[in-house]
Amino acid sequence: MKISLDWLREYVAWEDTPAELAAKLTAAGLNVEGIEEYRQSFPGVVVARVVHREQHPNADRLSLCRVDDGSGAEVQVVCGAPNVREGLTVLFAQVGAVLPGNFKIKKSKIRGVESFGMICSASELELSAEGDGIMELATELPAGTSADEIYGFTDTVLDIEVTPNRPDWLSHVGVAREVAAIYGTKVSMPYKWNSQQSGENLGVKVQIEDYGDCRRFTAYGIQNAVRGPSPKWMQDRLRAIGSRPINNLVDITNYVMFELGQPMHAYDRAKLSGGVITIKRAEAGLTVQTLDDQERKLDEGTLLICDEAGPIGLAGVMGLANTEVGPETTEILLESGFFDPMLVRQASRGLGLLSEASYRFERGADWDMVETAALRALYLFQELAEARIVPDWADRGDPDYRPAPDIPLRVWQVSRLLGAEISTDQAAQYLQALGLKVQPMGNPGAVSANAVNMMVKVPSFRRDLHQEVDLIEEIVRSHGLDNLGGGDFRGGAGGVPADRDLQLRKARTWFAACGYHELVTSSFMGEKDHEHLGLPEEDIRRETISVINPHHGGDTRLRTVLLPSLLQVARRNVNAGAALPLRLFQINRTYLPAGEKRPDMKREDEALLPEEPLFLQFALIGSREVGMGGVPADLLEIKGTVEALATFLRVPLAVEPVGTERWLQDGAQWRIVADDQVVGTAGRVVADIAGNFEVEVPVAVAEINLDRLALRPLPLKYEGFARYPAIKRDLSLLVPGAVRYGTIRDKVQEVGGPLLRRVDLFDIYRGQGVPEGFGAYGIRLKFSSAKGSLKGKAVDKAIEGIIRGLKEGLGIEQRV
Amino acid sequence: MKETIDRLRSDGGERIAAADTPAGIEALRVALLGRKGEVTLLLRGLKDVPADERPAMGAALNRLKVELGELLDARQQELAGGASGEAVEMDLTLPGTPPCPVGTNHPLVSVLESICDIFYGMGFSRGEGPEVELDYYNFTALNFPDDHPARDIQDTFYINDKVCLRTQTSPVQVRYMERREPPLACVFPGRVYRNETADASHSAEFYQIEGLVVDTDISMADLKNTVDTFVRNFFGAAEPTRFRPHYFPFTEPSVEVDMQCVVCRGKGCGVCGQTGWLEIMGAGMVHPNVLKGAGYPEDKYTGFAFGMGIDRIAMLKYGIDDIRLLYENDLRFLNQFRGVL
Ligand SMILES: [Zn+2]
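Order-wise, the sequence lines are chains L and F. Reading the first sequence from the start, the letters are residues 440 to 1255 in this note's numbering. Reading the second sequence from the start, the letters are residues -8 to 332 in this note's numbering.
These are calculated hints, taken from the structure and not from any lab test. Be aware that a few hints might be false.
Capping the alpha-carbon separation at 16 Å, the derived lysine to aspartate or glutamate pairs in EDC-like fashion look like this [said to hold, decoys possible]: (1) Lys945/L to Asp108/F; (2) Lys283/F to Glu907/L; (3) Lys945/L to Glu104/F; (4) Lys1041/L to Glu169/F; (5) Lys644/L to Asp831/L; (6) Lys291/F to Glu907/L; (7) Lys631/L to Glu860/L; (8) Lys(-7)/F to Glu17/F; (9) Lys153/F to Asp1044/L; (10) Lys153/F to Glu1045/L; (11) Lys710/L to Glu763/L; (12) Lys671/L to Asp831/L; (13) Lys308/F to Glu104/F; (14) Lys153/F to Asp927/L.
Please read these numbers as outputs of a predicted model, since none were measured by experiment.
Isolated chain L (complex conformation):
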């Protein structure tokens, strides 16, 4: 809300700079977001007199004039206005003047005749929206006087952020009330029409079909209004707050809206059919033409103002073209009402018609202000448009309307909630300064638990006050938030992070230390993601939820898999020339409507919510190295990373060489298992699928569903270890191509005897010296005993057993 300080001073006095006023308003909750110096000035535009006029030699509709602009010499100028004539006092833009819209006045040639400036119309100076022809001044000021002497205006305009609970602050008087409370002064309300109802009949009856839709509706008659420009002060103020003056009839209702916060509407009385105005809901299929000349189809149930022929206005939103006030209007019916905020909001949203009026009505009108504002407007019509006001009006309102009930206030509770000692007197003073009436209760000095110390009457402009805590907010606004606190935090015992949070933190720092980059990716998925991943129809991850009101062009569905987001980041960075291989990880959610429901639902409709499993995903991008046994190094690293992560987090993860994930290559994927439950997958992303996301380098990826994994670290209790030196032996084995290392390892452990501690594979060799179809595997065996130093003999015996076992069980020979 823009507040003109010139305007504000009409209702309240203060002595402070604009910056100081702004700081105090901000501290009281009217956040001043900007302080603008407004200046209306017309450099180079002066008062001038038309000394001579003749027909332009080459154009019928142009005049050739000489004006006295006070410069000493008469100036020749071409003018196109029909009303230019000798003797006229005008505003003259000299060569070099700059008019609104950054229009620079230069010396020019018009139809072959030189012209040194321009005689101005009101619209060229943006002093009026209508009227042709140049301005005719009635001033005695000498030629050459700056136009600023007559039309200049400077002001300071505050831009105030108004929260939705305070529609009263959408007006200058509303803000003036706060200024008065801050400076301990009073608000003087503007003049109103002196209403004395007489026997004269307005001739209009109001019917309200449902008082829930329209709480109050008033209508007033205005006759013989003279249409013309508004007075300068009104135009200046409207312009200063960014509203364009049109003519007095339009400006008056606008001005009063910004002054008092109540929007009103003027109908051309002559265009109304019949004498009954009805406020009712629209039937289905109605189309109307609004004031902005748009045909609009209305939703059923839109609240309408109707005369006996049909709709004449959309309540609280906009009038209709059929009853518009125009130049021919002689008699006006002025409407001031109180419409249901929710209906106004639905109508304005449904029609895409956000007006100053709907903005205020949807925040709620003020019962008393409905009438006050109308009477204020009538006064202005009488004063500024020479109108006659019909001394009778229609006023219909909900007979059950009651002012808001008084609110009891316990000063004990004020001090308790604020953490500051507030006395009964202080509390009462703060509230009274804001225009609330206070009725003391009981013994005013007795501030004890739950004792009510006063009853507070709520004025109609403060419908946001419902209960005690609302009054406490008013008290603290006045008391000043700066005067609270200042001590140390009153803390309890230190909070302890949950296991899960600690484990996730460990994981993410560990990944960073291992060279991985952490990603934060969007919850939304691309339209073709599932197709690109080759997810079959029956996969539960095909079922998605969508937002029904996405932003234009935005994705609508929430992701059910993380891989596309990872590939997208990979593509971006590979294309940007990042060094390969690239290690990426993310801990993010997916959204599965077909997933499991929350176990601890408090409300039945929580069954509507999706499962939101949290995944850890990590990937190695663009590695082409070959590892042991010809297996790609990135696959071995991914597997090793899962295992190392399990060790580091102390969780029981196992990697098994089977899997059926659709986007992972057959034969190149593992499943990750914890406590006999599959919790994740790892492997090589199918090249074509990566290609669908424009990633043309190898991708090895693993992901773990953290919600399926008990993240609590395995318990730890120290056990003794063998202090006697271990014996290491290397074996070279000739392994047939079909035998997997895992089988060899299991066999060695099975037959290795009690002294065998470790089995490690350190080399695989194929080639010269090794028979075709075999590999030479180098394994290292470690033996030790807790009981004493090992004898070579015991180890030899174990080795013998291992060699025999491998030969008999797997047909593996020792290589000699």
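Start from chain L and add chain F with the ligand according to the hints.
Below, chain F with the ligand without anything else, positioned relative to chain L:
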């Protein structure tokens, strides 16, 4: 002063050459270049030198400092070589090989975690809740009137008329209270959604952290002290804060908290819109309707809640001028946060 410099140059050189043990060299280093060394004292005395001579003197002194340092290093090396036998010849300027490349943690998550750390230290625990949320928890249970302009502050993505993407982490408060009796102190970080067009300062997805404290006599003074303690701990120095009355449906009284602009220190600049203040959080006393909705007896408990945008805090902390950078995951951006946990 010029003479002193010249004297120190010749005399210092001689003293270094005369030193014959590593300990002697160290003692000389302290005597000449240490905190109270002769050269250091001269440098400190520069302020008393006439302004027109000061630059030349300063340059000469710095040159002297470098020369003496080199002499000390050289002599030290000579003495050491003599002590431990013959030197080996190898290129020690070859690049080092780290055990593994250095990765990064995402600044958003890092900031989120470091905020949690401060609150752990203040006795808070941590909770979370669903991102796809019932309209009931996101609005109704938080005292938002139906179809009221208060809902406009948060343009909402709807899944259907009962389910939306949470616009704030506040619904987690309600879920938390439904399951526990006070005393409570908990923070709720997480991802939230607003139906907004993305630009340098808006993202349709972002992160918030909400805090909640409920007990028998929690006051607004406690809220202020908590927020001040947080700001002091997170931003380091004692950044002044400012509390402004504001409006949120689920708190009353409500406030917004501003911190003095970290860029201009309150003088006014482009970052703070010339106000000298940066809005960092919304807060207030938990509305009685919300406490009642959680099933707590009337008047028994009071509490406060606060919430802040983690993206905004991260942007302020690191001077990030476009929120979209936080969601692009470009390594040229992320790599700048190496070593930030
Ligand atoms: Zn600043």
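For each hint given before, does the structure comply? Return the numbers of the non-compliant ones in rising order. 7, 8, 12, 14
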